[in-house]
Amino acid sequence: MKNSNFRNSETDRRLANVIRIGTVAEADYQKARVRVAFGTAVSDWLPWITFRAGGDHTWWAPEVGEQVVVLSPSGETSGGVVLGAMFSTNHPAPADRPTIHRTTYEDGAILEYDRENHILHAYIPGFEQREIDKDMSVQVHRDVFWNIDRDAFTNIDSNRTDTIGGNVSVDVGGDVQRTVGGKVVLDVQGEVIINSATRVTLSAPQLVFDGPITHGNSTHGGGAEFYGEIIHREGNFIQKDGDTVSQGVSLQHHVHPNIEEPVGGAS
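Under the UniProt record's numbering, the residues of the sequence shown are numbered 1 to 267, in order.
Note that these hints are calculated values from the structure, not bench results.
For glycine and all other residues, C-beta sits at the position ideal for the given N, C-alpha and C.
Errors might be hidden in some of the hints.
[Said to hold, decoys possible] Computed spacing ranges between beta-carbons, pair by pair:
1. S196 / G166: 17 to 27 Å
2. G55 / I194: 52 to 62 Å
3. T163 / D133: 20 to 30 Å
4. A53 / D133: 20 to 30 Å
5. A204 / E225: 11 to 21 Å
6. P125 / I194: 39 to 49 Å
7. W60 / R97: 15 to 25 Å
8. S169 / R52: 44 to 54 Å
9. V168 / M86: 44 to 54 Å
10. R52 / Q177: 47 to 57 Å
11. Q139 / D171: 20 to 30 Å
12. D133 / T219: 52 to 62 Å
Construct the complete structure from the given sequences, taking the supplied hints into account.
As structure tokens, this is what we get:
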């Protein structure tokens, strides 16, 4: 009778220990083990369940104070395993809708997908780093908006190619500076317009204009000032209004030897 009572008591004890709820009391992250407190009793060092632990690995360790579930198949907690965590008063649920998948971190970071509204949201309070060994492809079927409160830096060690099927609009509130180690080529099928409220400066040992030049036929009027030698190599030099002077000789008022200048200038 005593043996029967003992066996029944032992069976009840083991069944009660098959699944228990406790709180992580200690953690050894080097060995991937934790000890779980059940009231005043504390378990041996137990492993915890992870998603993958073979060729692929995942790591998300439980922390001290986290409420967890312990499974002990034999009813002995010394051979148990920590299944996962449970929400508690100290650590409540971070969402209240079944259509949200959200992970919140102690430093304030949030990774969330809202299935109902089709929104993927990530908030990083610190630094974000992405490292990709090979090609990266991003395909967006709608608009893309970048809102950067501070500086933005792009470092490309090799070539860059941008293909844009529509218009490009860039609104810059400050200065724009580009440093190019090689040649700059702009192949434009339409018109190129540069508007400046003050002036446009082109500085180079040589400026080459391949095509006719029209000057002073718009908002800012005409007039020009040249320093240095001007060489006209081919074609006619036409002056419509005013006088033309070359090497100190006036075209309208110059005088040939033994010929008097007509009164009122050349006719």
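To see whether the hints hold, each was checked on the structure:
{"no.": "1", "hint": "S196 / G166: 17 to 27 Å", "result": "holds, 26 Å"}
{"no.": "2", "hint": "G55 / I194: 52 to 62 Å", "result": "holds, 58 Å"}
{"no.": "3", "hint": "T163 / D133: 20 to 30 Å", "result": "holds, 24 Å"}
{"no.": "4", "hint": "A53 / D133: 20 to 30 Å", "result": "holds, 24 Å"}
{"no.": "5", "hint": "A204 / E225: 11 to 21 Å", "result": "holds, 18 Å"}
{"no.": "6", "hint": "P125 / I194: 39 to 49 Å", "result": "holds, 42 Å"}
{"no.": "7", "hint": "W60 / R97: 15 to 25 Å", "result": "holds, 23 Å"}
{"no.": "8", "hint": "S169 / R52: 44 to 54 Å", "result": "holds, 46 Å"}
{"no.": "9", "hint": "V168 / M86: 44 to 54 Å", "result": "holds, 53 Å"}
{"no.": "10", "hint": "R52 / Q177: 47 to 57 Å", "result": "holds, 48 Å"}
{"no.": "11", "hint": "Q139 / D171: 20 to 30 Å", "result": "holds, 26 Å"}
{"no.": "12", "hint": "D133 / T219: 52 to 62 Å", "result": "holds, 53 Å"}
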